[in-house]
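My request is simple: use the sequences and hints to build the entire structure.
Each residue of the sequence shown is one higher than the one before, starting from 1 at the first, in our numbering.
Rather than coming from a laboratory, the hints here were simulated on the basis of the structure.
Positions of the beta carbon are idealized from the N, C-alpha and C atoms, including for glycine.
A few of these clues could be false.
[Claimed, not checked] Simulated restraints on C-beta separations: (1) I72 with E135: 20 to 26 Å; (2) L208 with R42: 36 to 42 Å; (3) R105 with L208: 35 to 41 Å; (4) E131 with A65: 21 to 27 Å; (5) M163 with R89: 25 to 31 Å; (6) D203 with D138: 32 to 38 Å.
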Amino acid sequence: MASRSDPAHNSPMGVPPDDLRLAPDEDDLPIALGPVRAQPPRLDGLGGRAVVRDTPDELVDAIAADLRFQAISCARAWGEFHLVLAAARELEPLYRRLMYDPPLRDIPWDRTHIWVASEDAGGSSARSLGELIVEHADLPASHFHGFAIGLPNAAADYERELMRSLMQRESGHHRPDMALLAVREHAPLHAPVHASLHLSSGDGLAGLGAEPGEPAFAITTRCVRGARLVSILCTGAQRGAAIASSRARGGVAPLAAELRWYLDAPAAEGAAAVLDAGSASSPGDARGSR
1 MASRSDPAHN SPMGVPPDDL RLAPDEDDLP IALGPVRAQP PRLDGLGGRA VVRDTPDELV
61 DAIAADLRFQ AISCARAWGE FHLVLAAARE LEPLYRRLMY DPPLRDIPWD RTHIWVASED
121 AGGSSARSLG ELIVEHADLP ASHFHGFAIG LPNAAADYER ELMRSLMQRE SGHHRPDMAL
181 LAVREHAPLH APVHASLHLS SGDGLAGLGA EPGEPAFAIT TRCVRGARLV SILCTGAQRG
241 AAIASSRARG GVAPLAAELR WYLDAPAAEG AAAVLDAGSA SSPGDARGSR
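Put into structure tokens, the structure is as follows:
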């Protein structure tokens, strides 16, 4: 068990740097989530846990239930819930559901911090999340954190604000509680995973977009890996194939935490086809979930 003087507790967000694999303290283990259906064995190679539903609407129900559970549990344990959100079109039905569905009304929005995962040069992500969630939830204005588009140090300012907020927690809990992302449309095959999720490949917690057409600013894969729960929506066969082909290229599996893929039936089939092909060509390299 790691002591309080270990690097795991001195590094940002209370997680060990990439070159260390220290066991976390028992009180820093991720909060257990509710039960899910058994994972299809063909999807073990994705890493983490695959939650498969027949339709996108059923996936919205599954993600909403997990988000509610995580929000209530973390707010109870640490007083606040720090949530990283992508302003992806595929996630908009979920965000609407969070606002009107009666079983979800006990989400503690007044104790939630929302962190915008990526932003374009026009600031559309912050506007979208503001219209979908902030205007309707009991969320204090100071708890909504985006990139200051137009300022020369927008990424650095965002990173400082994130660390300042998280460092107010007790030692060992300096990390986001949940990161909710979506695999982008036309995600490339055999590409680094950050390219499929609109993340930055920088060394810090936030950085510049990697390529033309990418967001101007985004959190990094390092920031995502620090979260207690990483939830990724993936719909459609092409996106499932893309994310399965990029599973070994950097990865977003969180350190000492939980990764969940939410796939509809076509995405599950697309991912399974790629994983099956990889297992058939390199049976010794097949990797199961950890």
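- Query: At the C-beta level, are E131 and A65 separated by a distance inside 21 to 27 Å?
  - Reply: Holds, at about 24 Å.
- Item | Verdict for I72, E135 (Cβ pair) under range 20 to 26 Å | 22 Å, holds
- Message: Tell me if the beta carbons of R105 and L208 are separated by a distance inside 35 to 41 Å.
- Response: Distance hint for R105, L208 holds at roughly 38 Å.
- Message: Between the beta carbons of M163 and R89, is the distance compatible with 25 to 31 Å?
- Response: 30 Å, holds
- CB-CB spacing for R42 and L208 relative to the 36 to 42 Å hint: Cβ of L208 to Cβ of R42: about 37 Å, so the range 36 to 42 Å holds.
- State, for the Cβ atoms of D203 and D138, whether the hinted interval 32 to 38 Å holds or is violated. 36 Å, holds
Comparing the model with each numbered hint stated earlier shows that all of them hold.
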